[in-house]
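Chains as they are written, first to last, in the numbering used here: chain A, 1 to 175; chain B, 1 to 181.
Worth flagging that the hints you see were computed from the coordinates, not collected in a lab.
C-beta atoms are modelled at their ideal positions from N, C-alpha and C, and glycine is treated no differently.
Be aware that one or more of the hints could be misleading.
Simulated crosslink set (DSSO-like; lysine-lysine; CA at most 27 Å straight-line) [as the list claims (entries may be wrong)]:
{"#": "1", "chain 1": "A", "residue 1": "K135", "chain 2": "B", "residue 2": "K167"}
{"#": "2", "chain 1": "B", "residue 1": "K52", "chain 2": "B", "residue 2": "K63"}
{"#": "3", "chain 1": "B", "residue 1": "K52", "chain 2": "A", "residue 2": "K131"}
Pair by pair, the computed Cβ-Cβ distance ranges are [what the hints assert, rightly or not]:
{"#": "4", "chain 1": "A", "residue 1": "D41", "chain 2": "B", "residue 2": "A158", "range": "49 to 55 Å"}
{"#": "5", "chain 1": "A", "residue 1": "A19", "chain 2": "B", "residue 2": "L148", "range": "23 to 29 Å"}
{"#": "6", "chain 1": "A", "residue 1": "D41", "chain 2": "B", "residue 2": "E144", "range": "29 to 35 Å"}
{"#": "7", "chain 1": "B", "residue 1": "A158", "chain 2": "A", "residue 2": "E38", "range": "40 to 46 Å"}
{"#": "8", "chain 1": "B", "residue 1": "E144", "chain 2": "A", "residue 2": "T51", "range": "39 to 45 Å"}
{"#": "9", "chain 1": "B", "residue 1": "V147", "chain 2": "A", "residue 2": "A127", "range": "38 to 44 Å"}
{"#": "10", "chain 1": "A", "residue 1": "E38", "chain 2": "B", "residue 2": "A149", "range": "26 to 32 Å"}
{"#": "11", "chain 1": "A", "residue 1": "E38", "chain 2": "B", "residue 2": "E140", "range": "33 to 39 Å"}
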Amino acid sequence: MSSAKVKAYAQALFAIAQAEGAADAISNELYAVARAYESSDELRNVLGDATIPSERRLQVVEQLLGARANRATVQIVSMIVASGQVRELPAVFDEVIALSSAGNDQDLAEVRSAVALTEDQQSRLAAALSKATGKAVNLKVVVDPSVIGGLVATVGDKVIDDTVRTRLDNLKTRI
Amino acid sequence: MISHIISLLASEDPTQTHSWILPEQAEIIYGGLASVIVVGALVKFAGPMIKKSFAARTERIQKELDDAAAAKVTAEGDAQNIRKALGDIASERARILAEADAQAASVLAEGRVRITAEIAELEAKAEADINAARGRGSDELRNEITVLASRATPLVVAATLNDQVHKDLVESFISKVGAGK
Numbered sequence: 001m002s003s004a005k006v007k008a009y010a011q012a013l014f015a016i017a018q019a020e021g022a023a024d025a026i027s028n029e030l031y032a033v034a035r036a037y038e039s040s041d042e043l044r045n046v047l048g049d050a051t052i053p054s055e056r057r058l059q060v061v062e063q064l065l066g067a068r069a070n071r072a073t074v075q076i077v078s079m080i081v082a083s084g085q086v087r088e089l090p091a092v093f094d095e096v097i098a099l100s101s102a103g104n105d106q107d108l109a110e111v112r113s114a115v116a117l118t119e120d121q122q123s124r125l126a127a128a129l130s131k132a133t134g135k136a137v138n139l140k141v142v143v144d145p146s147v148i149g150g151l152v153a154t155v156g157d158k159v160i161d162d163t164v165r166t167r168l169d170n171l172k173t174r175i
Numbered sequence: 001m002i003s004h005i006i007s008l009l010a011s012e013d014p015t016q017t018h019s020w021i022l023p024e025q026a027e028i029i030y031g032g033l034a035s036v037i038v039v040g041a042l043v044k045f046a047g048p049m050i051k052k053s054f055a056a057r058t059e060r061i062q063k064e065l066d067d068a069a070a071a072k073v074t075a076e077g078d079a080q081n082i083r084k085a086l087g088d089i090a091s092e093r094a095r096i097l098a099e100a101d102a103q104a105a106s107v108l109a110e111g112r113v114r115i116t117a118e119i120a121e122l123e124a125k126a127e128a129d130i131n132a133a134r135g136r137g138s139d140e141l142r143n144e145i146t147v148l149a150s151r152a153t154p155l156v157v158a159a160t161l162n163d164q165v166h167k168d169l170v171e172s173f174i175s176k177v178g179a180g181k
């Protein structure tokens, strides 16, 4: 799917979320779904397998999100799965959260950490990133064990990387 | 006379002879005359032809003898030539064999020199290869150690990162980012 098409999809979905009156909540849930999709091979295999009947895949979506997420979120994810564009799900939902952040005059700040951050850490981190970028940020923390330790923050085109993984990679390169 | 002969014949008994082995006298006379006539005719008429035939035969035999003599001379000449050629062949064979021996000796000597040089070259190359392989082995070992170390390091580091270290890393990041601007 082209970048323009991804944006078009995202704008349409964001419009739905706004119409539901819960744009931020739905965007956050879509962001969480995108991260879950990226991190789970099993979920990718099930949702992306065209040999599995569409009804069965939609049933999986319903079972995963039905009781936990906004109804509109479930419907949006189901629509993406049913349309056969599930591989584009992370890109589309990232664009949705970016639109949501922009609507709040914020930059989306994705932070990857090896461990979960406390509320206090997240608020201080958001403040620090806002100070560093000069703009309010919509902080999204992704727990990613592959970074080993430390954090990497991506705000727009800017990447602030202070992870153990990167230090080890640099060390490996030097060796 | 004829009538006399006829009368003689008529007076004789043809079933009776005067001798059991000799013919009658008249038969001897007539037979002798007839033989003389036949012999004379032969001498007169067939003699020259026979003589001529004998002469031709003699001439032919003589010619054959001459041809045989000439062939013998030719054969002797050929034999002489062959003997000479054999002599030449023998000397040529000896010369060729001697030349071949000389060439073989030369080739052998050159081959020995070349093989000696090639052996020396191969030995030098093998020694260089061994040294290169030794170096490669060291490099490969070093690379292997590096690979293993780079694989093991994240695991070791991850295992040593406790909650406090994670917290320190997060706080360090927040401090750095906050102090960045």
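**Violated hints, by number in ascending order, as checked against the structure** = Numbers 3, 4, 5, 7, in rising order.
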